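Residue numbers (the working numbering), protein chains in the order written: chain R, 15 to 462; chain L, 2 to 319; chain F, 2 to 115; chain C, 115 to 300; chain A, 27 to 633.
Just so you know, the hints here were simulated from the structure itself, not pulled from any lab data.
One should not assume that every hint holds.
Label-pair restraints from in silico Cβ distances [stated by the list, open to error]:
(1) Ala260(L) to Glu272(C): 55 to 63 Å
(2) Glu548(A) to Ile311(L): 49 to 57 Å
(3) Ile479(A) to Val19(L): 34 to 42 Å
(4) Pro156(C) to Lys592(A): 40 to 48 Å
(5) Ile59(A) to Val11(L): 44 to 52 Å
(6) Arg287(C) to Glu548(A): 54 to 62 Å
(7) Ile94(F) to Ala586(A): 58 to 66 Å
(8) Val4(L) to Ser208(A): 49 to 57 Å
(9) Pro387(A) to Val11(L): 31 to 39 Å
(10) Ile7(L) to Ala33(A): 53 to 61 Å
(11) Lys595(A) to Leu80(F): 55 to 63 Å
(12) Glu272(C) to Ile527(A): 49 to 57 Å
Distance condition first, Cα-Cα at most 25 Å in a straight line; then the derived PhoX-like pairs of lysine-lysine [claimed, not checked]:
(13) Lys114(R) to Lys67(R)
(14) Lys453(R) to Lys575(A)
(15) Lys69(F) to Lys191(R)
(16) Lys160(R) to Lys28(F)
(17) Lys103(F) to Lys28(F)
(18) Lys300(L) to Lys575(A)
(19) Lys538(A) to Lys131(C)
(20) Lys426(R) to Lys156(R)
(21) Lys319(L) to Lys423(A)
(22) Lys157(R) to Lys38(R)
(23) Lys37(R) to Lys157(R)
(24) Lys492(A) to Lys280(A)
(25) Lys191(C) to Lys230(C)
(26) Lys103(F) to Lys114(R)
(27) Lys160(R) to Lys110(F)
(28) Lys48(A) to Lys174(A)
(29) Lys432(R) to Lys109(R)
(30) Lys423(A) to Lys48(A)
(31) Lys541(A) to Lys273(C)
(32) Lys419(R) to Lys160(R)
(33) Lys423(A) to Lys300(L)
(34) Lys191(C) to Lys282(C)
(35) Lys595(A) to Lys114(F)
(36) Lys114(F) to Lys156(R)
(37) Lys114(F) to Lys419(R)
(38) Lys575(A) to Lys373(A)
(39) Lys157(R) to Lys110(F)
(40) Lys426(R) to Lys538(A)
A quick note: this is a predicted structure, and the numbers were derived from the prediction, not measured.
Beta carbons: idealized from backbone N, C-alpha and C, even for Gly.
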Amino acid sequence: MVVHPVLLIAIPLIAAFIIPLAKKYGFAIAAGAMAFNMGYAIGMFSYIYSHGKIYEMIAGFKPPVGIFLAVDALSAMLALLINLFAFINFIAIGKEWNYKFSMLYLLAIAGSTGIVLTGDIFNMFIFFEITAVASYALIAGKKDEKAIEGAIKYMVLGSIASIFILMGIALIYSQLKTLNIYDIAARISSMDEKIKWASFALLLTGIGVEAEIFPLNGWVPAAYQGASSGVASLLSFGPSKAAIYAIARIMMVIFPFHATYEIALYVGVVTLVIGELAAFMQEDVKRMLAYSSIGQMGLILIAFSLASQNIQNALIAAFFLIISHASAKSSLFLLSRSPSMGGAACKYTGIVGVLSIIGMPPLAGFWGKWYLMLAAINEKLWLVIMLVFFAGIVEAGYFARYLHKSMGNESKLNLRYKVAMVVMVSFTILLGLLPIAYKMASLPLWGW
Amino acid sequence: MDVMGIAIKVALLTAYAVIGTCVGLLFMGIGRKIIARVHNRVGPPFYQNFIDVAKLLSKKTNISHGWIFDLALLFSISGILLTLLFLPIGGVQLLSMEGDAFLVLYLLAIPALGFALGAGASGNPNAGVGVMRALVMMLSYELPFIITLIALMIYYDTTSLATIVRMQSINGVKSWAITMPPFMLAAFAADMALQGMLMEQPFDIPVAPHEIASGPMVEFGGKYLGSLMLYKAIALVAETTLFVDLFLGGGVVAHGNFAFVINFIVWLALIFLLFILSILIAASFPRFRIEQAFGFYWKYEAIIAAISLIWVYILVIK
Amino acid sequence: MNYALVTPCYIAVAALLSIGLYGVVSKRNLMKIFISLSIMETGVNLLLITIGYVPEGTAPIENANFTKYVDPLPQALVLTAIVIGLSVTALAIAMLISYYEKKGSLEYKGGMKW
Amino acid sequence: MGLYIGDKMMKYEEWSKLAIKVSKASLWMLHFCTGCGAIEMPPVMTSRYDMERFGIAPMATPRQADVLLITGYLTVKTLRRVIQVYEQMQSPKYVIAFGSCTINGGMYWDSYNTIKHLEKYIPVDVYITGCMPRPEGIINAFIKLMELIDEGKARGWEKYQKYYDKYKENQRRVFNFEIEGENEEY
Amino acid sequence: MLDIIFAELIIAAIITFFVGKKIASIIAGFISILPLFALIDWANNFGFKTISFGIERQMNISVAGITLHLGITPLSWFFALMILPLFPLIMLYSYSFFKENDGFYPFMLFAFASTFGILLSKDMLSLFLFWEIMSWSSFLLVYRSRDKEAIISYLIFSVFSAFAILFGLMILWHENFSLLLSDIGRINGIYGFIAIASLIIGFSVKSVLMPLHAWAPFVYSKSDEPFVAFLSGGLSKLGYYGMFLFLFTLNGVKILQNYTPNVAWNYLLAVVGSLSAFVATMLAIMQDDLRKLLAYSSIGQLGYIAIGFGIGTPLAITGALFQAFNHAFFKAVLFLAAGAVAYRTGKWKISELGGLAYRMPLTFLAALFAIFALAAIPITSGFAAKWLLYEAAIQQKYVFIAPLMLIAGVGAFLYSFRILYGVFLGENRYPDVKEAPKSMIAAMFILMLPLIIFVVFPGYMLDLMKPALSNSGIESIAHTKFAIETSLAKYNSMAVLITLIAAMVPAFIIYKARKHRITSFEDNYLAGEPYEFHNPSMHAAHNFYKPLKGVVLPYFEPGATYYFEKIYKGIGILSNGIRRIYTGFVQDYAIYVVIFLLAVMGWLIWM
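If we strip away everything but chain R, and leave its shape as in the complex, we get:
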C-alpha cells in the first residue's frame, strides 16, 4: 500500500473550494471530505504503526526546493486525532450553521493537518495562516459581541505571530538558503550564533502564540469564551495541538540544544502554573476551561522539553497528555454549551473528562503524568515536580468546583452533541487501557 499523506491536506482543501459552488450540499460535502480524511488518517496511522516513517515529495520536486511532507509516529497520531475529532465534532455541530461554516471548518482542519505533516517551515507558516484565518472566522461566526471581540484579539496576536514566524524563517533562510527542516537541522551548526538564537526566539514566539504558551496567550480566554462551544472544542483539539507539535518539532529537530530545552521547560512550567492558577477562581465555565487548556499546554511543553535526556519517557508522556487533553477538553467544551450536566451521558462525560485531565488511571491523562514524572525525576527536577503537583492540586480544586456547580437537571443538549461528547471522551479511556498508544510512542522510529 502506498500512502499519500498529501491527500489529507488536499481533499479538505478541494472540498472547501467546491462548497461555495454547491451551497446546498455544504454539510454533506464537508462531512464526506472529513470522513474520507478520517479513514485515510486511520489507514496512514496503521501503515506507520507497522512500517514506520513516511516522506513524501509533492509533485516530484526534491527537497530542499520542493514541498515536503514528513510523517512520523507522533504526527501520524496527531493527524489521526485531529481528523477523527474533527469528523465527530463536525457531525455534532455542522448542521447548526450554513455552508460557510463547513468551508471554514474544512480549511481549519486542512491547515492543522498540514502543520502536523509538513516537513518544511515555510509550508508550516502557510498552514498556520490557513488555520488561523479559518479560526478567526469560525470564532467570529457566532456574531455576538464577545465572539467578535475574541476573534479580533486572536487576529491581532495571530498577525503579530505570523510576522514573527515569517521573520524567523527569513533569518534561517538568509543563512542556510533552505526551508526543509531536516536540511536545516543538518546544517544548523554552520549558522551564525546570534541569528540562530534570534530565529529560534522568533519561531518560538510566533508558534507559541498559537500554542497558547504564557505570556503569548492573551487571546486564549477571550477567544474560547467568545466562540461557540463547538468551535472552542475545535480550537482545543485542532490548532493548539498542531501548534504545540510544531514547537516540539522545531525544537527537537532544528534546535536540539540545551538552552532551547531549558527555555521550553521554564516557559512550560510558568504556563502551567499561571494557567491553572488563573483558572482557580474563574466563574465562567468556558473561560475556566480556556485557562485550564493553557495549563495543560504548559504541561505538554514540559513533557517535550524533557525529551533532551529521556526521549522515551518524555515523548510517551507528551503523547498521552496530548490525547488526554484533546479528548477531554474538546468534550468538555462541547458540554459547556449547556449550563448543567444532568443526565447520564453529560454527567459521565464531564466526570471522565475532568478525571483524565487531573490524571486518574486508567485514563490517558494518568499515563501522561506518570511518564512525565519518570522523565522529570531522572533529571532530579524537584522544583518542577513540586510545581506540577501543585498545579494538579489547584486543578483538582477548580474542577471539583466546576463539577459541583454544573450538577443539576437534565441538560437540553441534543443527541448529536451527546454522542459526539461520549465518543470523544471515550478515547481517553480507550487509549489509557489499550497498549497501542504506548507502543506507538515508543516506536524506535523517531529519527529526529
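Knowing the structure of chain R, use the given hints to seat chains L, F, C and A on it.
Chains L, F, C and A alone, transformed into the frame defined by chain R:
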C-alpha cells in the same frame, strides 16, 4: 488447676466480694455519722445503710422502664464486683495477675456505662443531664489520675497492679511509693481524682439532688436503687483500694505465715483513712459547677500530675 | 557584497516593524491597529526580499543570458505572504464592520477580561 | 428478709417482720413544699432536731421516697401535682399531711381555689395539726408513722388501690378531667 | 484466575450501570464474594487448612503496555481479611437502603475492585494505579452527595495524597530503577527519608490522620451511608496498609530511626497519631450531627493505628493491626446502624432523634455491641487492641503519647454515650417507627460476628496476623487462646469473662427476687409536671455536653479545617491576582509578546 484449688479460689473471691460489700456499706454509714458530727448533729446509726439497702430491696413496687433500664441493675453490681476482684486487696492478689491497671481502669467503666444506659433508658431529662455530668466528671478526673498512673508504671516498669504492690512491699512502709517526693505530688493529684471518683463534694455534681433531682438516679427506686447503693458501697472500697495499691503498697507491711491478717487490717485502716479524708473534704466544701471541676482537674491537678510524671521520667531515664 | 543598497533596506525593515509595533501597542482604534499590522507585514516582506537580494542580480527569469539573478524563492514566499496578509486584512475589515455595527465605534474600551 | 422469687403475689400479711423493721427504720421522705409549712422543715433536718438520727432522709424524687410530706394548703393546681407524685411513688408508701390546711382548709376554709380535705383525694396516714406545727410535731408524726407501720396500720396505699375509682371520682370532681396515672396492679 | 476475578468485577460494574436497583445489588453482592474465595485459597499458604479453589497466587496483567505484577503477600492477606468481607455485606445492606439505581453500584464495584488491586499489587505502578482508581471511584461516590465542601475537599485531598505517594514512589524508583516492591532495598540518606516521609503523608490522607483529616467530616457526613461504612471501615485501612508496607515490610522505619542520630522520626508519627486520637475525640464529643460524630470518632480511632506504627515495637504493631481489624467492623456497623436510623426517621441530628431502642431493638443491639467494642469495654476485642497499644507505649516509656491515648479512650465513652442516649434512649419521639428492613439487620449482625468471635479469643487474632508480622521480620508476642502476655503484664479475657458471668449471679438474684412493673414512658418524674412532648429543650440530648463545649472547644475550634480554608482562600487571592495579567486589552497582550520575544532572545544570545 485442680478442683480443690479452684474451689478455694472461688471461696476466696466470694469472701472478698462479701467483705467488700459489707465494708463499703459500713463505711458509708460511718461517713454519714461523721458528716453529721461535723454538722453538729447526732446522725444516723452506723448501720443505717444496711437498713436502707434492705428496705429498698424489700420494696413492694419496683418500677422499671423496660429491659434496657434493667441493665443498670445487672451491670452495676456485676461490673463493680469484677473490678474489686481484679485488685490486690491487702496483699492478696485475687485475680490481679490476670489483668493490670489498664484493665481495672476500663472495668470501672462497665458499671458506669450500665448505670448510664439504665438512666438514659428511663427517658427522664434529669437523668440525661446527670449522666452527662457524670461522664464529663469522668473525663475530668481521669486525666490527672491517668498521668499519675503512668508515672508509677514507668517507674516500676510494669502495668500490673500485683507487681506494683509487690515492689512496694519489699521494705515495708519505707518502699511505699508515697515516700518518694515525685509520688507525693502524684498522690495528691490522685487523691483529688479519687474525690471525683467517689463523687463526694465538691465533685458531687452528677447527682446534685437540688438541681437535677439526684440526676441519673431520678427514676430509680426499690431494687434498682438498692443495687445502686450496693454498687456505690463496693465502688468506694474498690476505688480507695486502687489508690492504696498504687501509692501505699497495698497496705502490705508484713511478710510471713499469718501476715495477711495484719496486712488486711492495715489495708482496712488505710482505705478507712482515705475515706475519712474524702468525707472531711466533702463536709467542708460546697459543690463546684461542672466547668469549674473540669478546669480544676485539667489545669491544676493535671499540671501537678504532669510535674510528677516528668520528674519520674527524668529519674527513670537516668 | 554591496552593502550600499542592502543596509538601507534593513534599516527600512526595522523602521517599518517599529512603526507597526508602536501602532499596535499604542492605538486604541482597532482600524489603526490593523493598519499598523499591515505596516509590519510590509516590513517583513521587505526583509524577505532583501535577504534574497543578490548584488547586481537580475530578476529570476529563466533565461540563458542571465547568469546572476536574485534568489527566486524569497520572492515566491513574499507573494504568498502578501496573499495571506491580504486575506487577513480583508477578514479583519469584515470583522471590524460587524464590530462597529455592534458597538457603534471602533475604539476598544475593554471587554472580556480576567 | 421475706424475698419471694417467682410469680407469687405478695400480700401485706406475708410481709416478714424484718421487712417491716427495716422499712420503718429507714423512712425516706419527699417533702412537697407547697405552703408556708416548708419553713419548718430546715430545723427538722439540721442540727437542732436532726431527723436523720431516725433514719429519715430527704429525697429528691418520688421513686426513691417512702413518705410524701405535704406541707400546707393545696390549691387545685398543686393537688394535681401531688396526685401525680403520689402515684409515682413506690409501695409501700405513706402520706403525712402537715398543718390545718390539709385537714379542713385551715385559714383558707372559704377560699374558692384550695381544696379543704386532702383525705378525699389521697389517703393520708398521719395528720399533724396546728397552724403551723412545730418541728417537734413533725418528728412526733414520723415516730407515730413508724409505730403505725410496726402495727401494720399504715395502709393508706392499699386503701388507695382498693378505692381507686372513688378517689378518681373525687379527683375528677375537682379537675373535671382524669389525671394521667396508673393504679398499681400486682 | 485473578484476571477473571478482576474482569468479572469490572464487567459487573459496567452491567450495574444499566440494570435496576435490586438486580444491581444482587449482582454486586454476589460478584464481590469472589475475591473472598481467593482469600480462603491463600489461607492455605499461611498454615490454615482450607479447601483450595485453584486460584493462583501470582498474576501479571498488562495494561497500556505495562505489566502489573499482582500477587498476595501475608500482609495483604491479613488486610484483605478485614476489608473484603465488608463489601458483600454492605451490598446486602444497600439492597433495601436505596430506592433506585442511580450510579451507586458501579462505582462501588470499581472501588472494591481497586481495593482488591491495591492489596494485590506487588509493584509500585500497580499500587499507585489502583490507588488512583480507588480515589476516583470513591470520589464519584462522594460526588453523589451534592455537597460542595465534601466534593471539593475530597477531590483536592485525594489528588494531594496521590501526588505525595507518587513523589515517594518516584524517589524509590529513581534509587533502584525497578518498580517491583521486592526490589526496593537500597534506599537511604536524604532520599530514603523524603520518600518514606512523603509516602506516609500521602497514605495518611486516606487514613485520616489529623492534620490531613479536614475532608473527612464533610465527606463522612454527607455521603451515602453504605459507602461511608466502606470508606471508614475499608478504605481508611488501605492507608495503613500502605504505611505498614513501606514502614515495616520495606524497612522504612529503620530509615526514619536512623536518619538523624538523635531524633527517631517514627516517634513523630506516634505523636501525630496520639494528637489525632485526642483532638478528634474531643471534637467528636461536641458534634450534634450523628454522621459528623462518627466521622470524628473514626479519625480518633484510626489515630491509634498510627500510634502503633509510630511506636514500631512488635507489641505496638500487633495492637495497631488488631485495632485496624476491629475498627473495620465496628465502625462499619455503626455507620450502617446510623444509616438504618436515618432510613426510618430521616433525621441525622442527634437532638432530633431519641427513644429508638424499643422501636428498633435489633439495630440498637448492633449499635450497642459496636459501641462496646469502640469504647474498648473489657472482654470486647476493642479492649485487647487498645490494651496492647497502651502496654507498648508504657514499655517504650512514651510519656507524652500514653496519657493522650488513655484520655482519648475515656473520651470515647462520652461520645459513645451521646450516640446511645441521643439516638436510642431518652425521649421517645418516634412511636410509629418500625424496625429496619431485614437485609439491613442481617448485614449488621453478620458484620458483628468477627467481633464476637475475637471477644473471647483474642489469641486467634494474633495467630491470624502472625504470617503478616513474621513476613516483615516482626516477632509475634506471647499468647494463648484467651490470654496475651507482655513483659509488663497479662490480660486474660477468659478470666474477665468468667468472673463477669459469676458476678452477674448476685445481680441476677437481686433482679429476680423482686418483681418489677414496666411503666409507660410518659410516667416520668418532672416535679409533678406531665411530660411535654417534642419540646426540644426537654430532650437532654439537645446541647449535650454544653458545659464542656465552652471550656474545651475554644482550644480546638480553629483546627486544621480552618487553616486549610485559609490556604484555599490564599490560593484564591493569588489566583485573582494572576488573572489580572489578562487585562482584556489586546495592546497589552502585544506588549507581552514583544517582551517575551526580547526576553527569550536576550536569554539565548547573552547567556
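These are the hints, each one checked on the structure:
1. Ala260(L) to Glu272(C): 55 to 63 Å: For Glu272(C) against Ala260(L), whose Cβ atoms are near 57 Å apart, the range 55 to 63 Å holds.
2. Glu548(A) to Ile311(L): 49 to 57 Å: With a Cβ separation near 55 Å, Glu548(A) and Ile311(L) satisfy 49 to 57 Å, so the hint holds.
3. Ile479(A) to Val19(L): 34 to 42 Å: 35 Å Cβ-Cβ, so the 34 to 42 Å window holds.
4. Pro156(C) to Lys592(A): 40 to 48 Å: Cβ of Pro156(C) to Cβ of Lys592(A): about 59 Å, so the range 40 to 48 Å is violated.
5. Ile59(A) to Val11(L): 44 to 52 Å: holds (47 Å)
6. Arg287(C) to Glu548(A): 54 to 62 Å: Distance hint for Arg287(C), Glu548(A) is violated at roughly 24 Å.
7. Ile94(F) to Ala586(A): 58 to 66 Å: holds (59 Å)
8. Val4(L) to Ser208(A): 49 to 57 Å: Since the Cβ atoms of Val4(L) and Ser208(A) sit about 55 Å apart, the hinted range of 49 to 57 Å holds.
9. Pro387(A) to Val11(L): 31 to 39 Å: For Pro387(A) and Val11(L) the Cβ distance comes to about 35 Å; the hint holds.
10. Ile7(L) to Ala33(A): 53 to 61 Å: holds (59 Å)
11. Lys595(A) to Leu80(F): 55 to 63 Å: holds (57 Å)
12. Glu272(C) to Ile527(A): 49 to 57 Å: violated (40 Å)
13. Lys114(R) to Lys67(R): violated (36 Å)
14. Lys453(R) to Lys575(A): violated (62 Å)
15. Lys69(F) to Lys191(R): holds (16 Å)
16. Lys160(R) to Lys28(F): Answer holds: Lys160(R) to Lys28(F) is near 21 Å, not above 25 Å.
17. Lys103(F) to Lys28(F): Distance of about 20 Å is within 25 Å: holds.
18. Lys300(L) to Lys575(A): holds (16 Å)
19. Lys538(A) to Lys131(C): Status holds; Cα separation ~21 Å.
20. Lys426(R) to Lys156(R): Answer holds: Lys426(R) to Lys156(R) is near 20 Å, not above 25 Å.
21. Lys319(L) to Lys423(A): With Cα atoms ~13 Å apart, Lys319(L) and Lys423(A) stay inside 25 Å; holds.
22. Lys157(R) to Lys38(R): Distance of about 22 Å is within 25 Å: holds.
23. Lys37(R) to Lys157(R): Distance of about 20 Å is within 25 Å: holds.
24. Lys492(A) to Lys280(A): holds (21 Å)
25. Lys191(C) to Lys230(C): holds (13 Å)
26. Lys103(F) to Lys114(R): holds (21 Å)
27. Lys160(R) to Lys110(F): holds (13 Å)
28. Lys48(A) to Lys174(A): violated (29 Å)
29. Lys432(R) to Lys109(R): holds (15 Å)
30. Lys423(A) to Lys48(A): violated (55 Å)
31. Lys541(A) to Lys273(C): Cα-Cα ~21 Å, so holds.
32. Lys419(R) to Lys160(R): Given that 25 Å is the threshold and the Cα spacing comes to 23 Å, the pair holds.
33. Lys423(A) to Lys300(L): holds (23 Å)
34. Lys191(C) to Lys282(C): holds (16 Å)
35. Lys595(A) to Lys114(F): holds (21 Å)
36. Lys114(F) to Lys156(R): holds (19 Å)
37. Lys114(F) to Lys419(R): Roughly 22 Å separates the two Cα atoms, so the pair holds.
38. Lys575(A) to Lys373(A): Given that 25 Å is the threshold and the Cα spacing comes to 23 Å, the pair holds.
39. Lys157(R) to Lys110(F): With Cα atoms ~19 Å apart, Lys157(R) and Lys110(F) stay inside 25 Å; holds.
40. Lys426(R) to Lys538(A): Not OK: Lys426(R) and Lys538(A) at ~71 Å, beyond 25 Å, violated.
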